[in-house]
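Same order as they appear, the protein sequences are chains W and V. According to this note's numbering, the first sequence is numbered sequentially starting from 24. According to this note's numbering, the second sequence is numbered sequentially starting from 189.
Source of the hints: derived by calculation from the structure; they are not laboratory data. All C-beta atoms in this analysis are idealised placements derived from N, C-alpha and C, irrespective of residue type, glycine included. Check the hints yourself; a few may be wrong.
To be verified - A few chain W residues that don't get close to chain V, going by computed Cβ distances all over 12 Å:
(1) GLY89
(2) PRO127
(3) PRO163
(4) GLY165
(5) THR182
(6) VAL196
(7) ALA228
(8) PRO280
(9) ASN287
(10) THR296
As the list claims (entries may be wrong) - DEER-style ranges, computed between Cβ atoms:
(11) GLU208/V <-> HIS178/W: 37 to 43 Å
(12) ARG363/V <-> PRO163/W: 47 to 53 Å
(13) GLU173/W <-> GLY362/V: 48 to 54 Å
(14) ARG310/W <-> ALA364/V: 32 to 38 Å
(15) MET283/W <-> SER210/V: 39 to 45 Å
(16) ALA86/W <-> SER210/V: 39 to 45 Å
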Amino acid sequence: MKPPLFRYQAPRTLKEAVVALASDPDAMVLAGGQSLLPAMNFRLANPSLLVDIQHVAELKGIAIEGGQIIVKAMTRHRELELDERVRAANPLLNEAMAHVAHIPIRNRGTVVGSLCHADGAAEVPLVLVLLGGSVLVEGPAGRREIAADEFFRFHLTTTRRRDEIAFEARFPVLRADSGSAFDEVTRRHGDYAIAGVGAVVRMNADGRTSEVRLAACGVTSRPIRLPEAEKLLTGTALSEADLKAAGRAAAEAVTAPDDMHASNAYRRRAVATLVRRMAAKAVTRARERIGR
Amino acid sequence: MTRGNLQRRLAQTSDDPTLEVSLTVNGERVERVVSVRMLLSDFLRHELRLTGTHVGCEHGICGCCTVLIDGKSGRSCLTLVAQAQGAEVTTIEALAAEDGRLHAIQQAFKECHALQCGFCTPGMIMNIFGRFNEPQALDLTDDGIRTMLSGNLCRCTGYVNIIAAVRRAAQLAGRA
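Full structure from sequences and hints, please.
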């Protein structure tokens with residue numbers, strides 16, 4: 024399968040890219056192309072103009088500033104995965120990144136591109152929602168920052184306007200008194216998640232949790248927090264009974280219907296199990312970090 | 189309709205917008221004017237006649253078309269040649285020495301009988317080559333190798349010999 028016809032521009036600055044994108048209502052941004060090109064090859068996407076941002080120098084690199092890991096738009100998945108500063112600042116990113124497709128795809132695909140693609144089963148959007156990060160966009164009307172819980176609307180749909188370029192994403196650094204964990208259920212390594220769950224748990228000095236954040240992907244049309252399960256675990260020492268109750272509550276959030284990958288019932292069980300395991304793992308890791 | 193009539197009715201030129209690309213392939217500078225929608229895989233095979241890069245699924249699943257782009261493995265079917273502007277591309281053709289001596293990974297595949305039909309082999313080898321080029325330690329357990337190869341499908345071997353070949357290649361390449 025070959026992509027349909029399009030025009031192509033490769034601007035050198037973000038300003039030029041914004042102008043190019045605004046010049047055509049059917050234009051799309053091309054970053055790594057690891058979701059867009061298959062979509063075009065399948066004729067699921069048919070942009071009239073591709074604005075390739077790979078030569079925009081200001082869109083490259085990773086910085087850690089003010090408690091945020093700042094990921095520029097052309098940062099490839101593998102760059103973020105192998106960055107030792109990022110691993111030290113927030114090990115969750117490294118752990119989740121290893122589940123994103125395969126190394127050759129992660130060498131080309133970009134982190135911000137994955138956020139903008141917004142597949143409901145993808146790992147990177149879940150991480151942004153779980154950590155409470157944000158996406159910064161620039162369009163003809165200027166720049167704005169969109170919080171993660173405002174960004175994802177539906178499968179493949181975000182609140183980024185079509186004339187805006189997402190130029191960076193911000194992932195908060197993990198606090199020293201917190202632990203995190205991510206895992207997913209898939210048929211094969213590298214597949215999109217049938218269900219994925221991430222947990223961030225903050226511990227008090229008395230061994231109880233002071234804050235629990237849980238998020239899931241693959242179970243609704245977008246990545247979601249699991250507020251009922253979070254509530255059941257906050258202020259507890261995460262006994263087996265607490266974890267089971269949280270797992271049951273999390274299963275209620277599953278709205279995905281039966282599909283060729285899994286039934287609704289299977290996804291409910293997967294989410295419940297993952298919530299139990301990830302919350303417990305995050306607590307163990309938080310204790311290790313505090314002990315250090 | 190006669191063949192001549194048919195040929196006269198067919199378009200002789202493409203309406204595709206074109207682009208001048210300049211990149212390095214296996215150490216040689218190449219410059220071509222191509223359609224902007226030409227995939228890197230088609231550029232390698234049709235323009236440069238480097239047919240060692242195989243094309244399986246053309247949507248990033250099978251891994252047969254894997255090449256190195258600026259030293260890192262990538263799917264040539266999910267990369268426009270326009271995206272390889274100025275890049276250094278390495279294909280399977282560059283691995284063996286001029287005198288035909290096999291690269292360590294190729295030698296290991298031969299020794300371990302890690303291929304039958306061979307269609308997936310160039311992509312397998314370029315993926316492993318890319319991983320060997322990274323400084324990070326290799327996980328040479330069965331699980332680690334399976335994870336490394338998870339983006340490459342083989343329908344002949346059942347993978348067991350390929351896993352053995354990766355381990356052997358790591359020995360031969362001094363990465364074990």
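Status of the hints after comparison with the structure:
1. GLY89: At roughly 29 Å from the nearest Cβ of chain V, GLY89/W sits farther out than 12 Å, so the non-interface label holds.
2. PRO127: violated, 4 Å
3. PRO163: holds, 24 Å
4. GLY165: The claim stands: GLY165/W keeps its Cβ more than 12 Å from every Cβ of chain V (closest is about 29 Å).
5. THR182: About 27 Å separates THR182/W from the closest Cβ of chain V, which puts it past 12 Å; holds.
6. VAL196: holds, 23 Å
7. ALA228: holds, 37 Å
8. PRO280: Consistent with the label, PRO280/W stays out of reach of chain V, its closest Cβ about 24 Å off (over 12 Å).
9. ASN287: holds, 26 Å
10. THR296: holds, 21 Å
11. GLU208/V <-> HIS178/W: 37 to 43 Å: holds, 38 Å
12. ARG363/V <-> PRO163/W: 47 to 53 Å: Roughly 51 Å apart at Cβ, these two residues keep to the hinted range, so it holds.
13. GLU173/W <-> GLY362/V: 48 to 54 Å: Once the Cβ atoms are compared, 51 Å apart, the range 48 to 54 Å for GLY362/V and GLU173/W holds.
14. ARG310/W <-> ALA364/V: 32 to 38 Å: holds, 36 Å
15. MET283/W <-> SER210/V: 39 to 45 Å: Taking Cβ atoms as reference, MET283/W and SER210/V lie about 44 Å apart, which means the hint holds.
16. ALA86/W <-> SER210/V: 39 to 45 Å: For SER210/V against ALA86/W, whose Cβ atoms are near 32 Å apart, the range 39 to 45 Å is violated.
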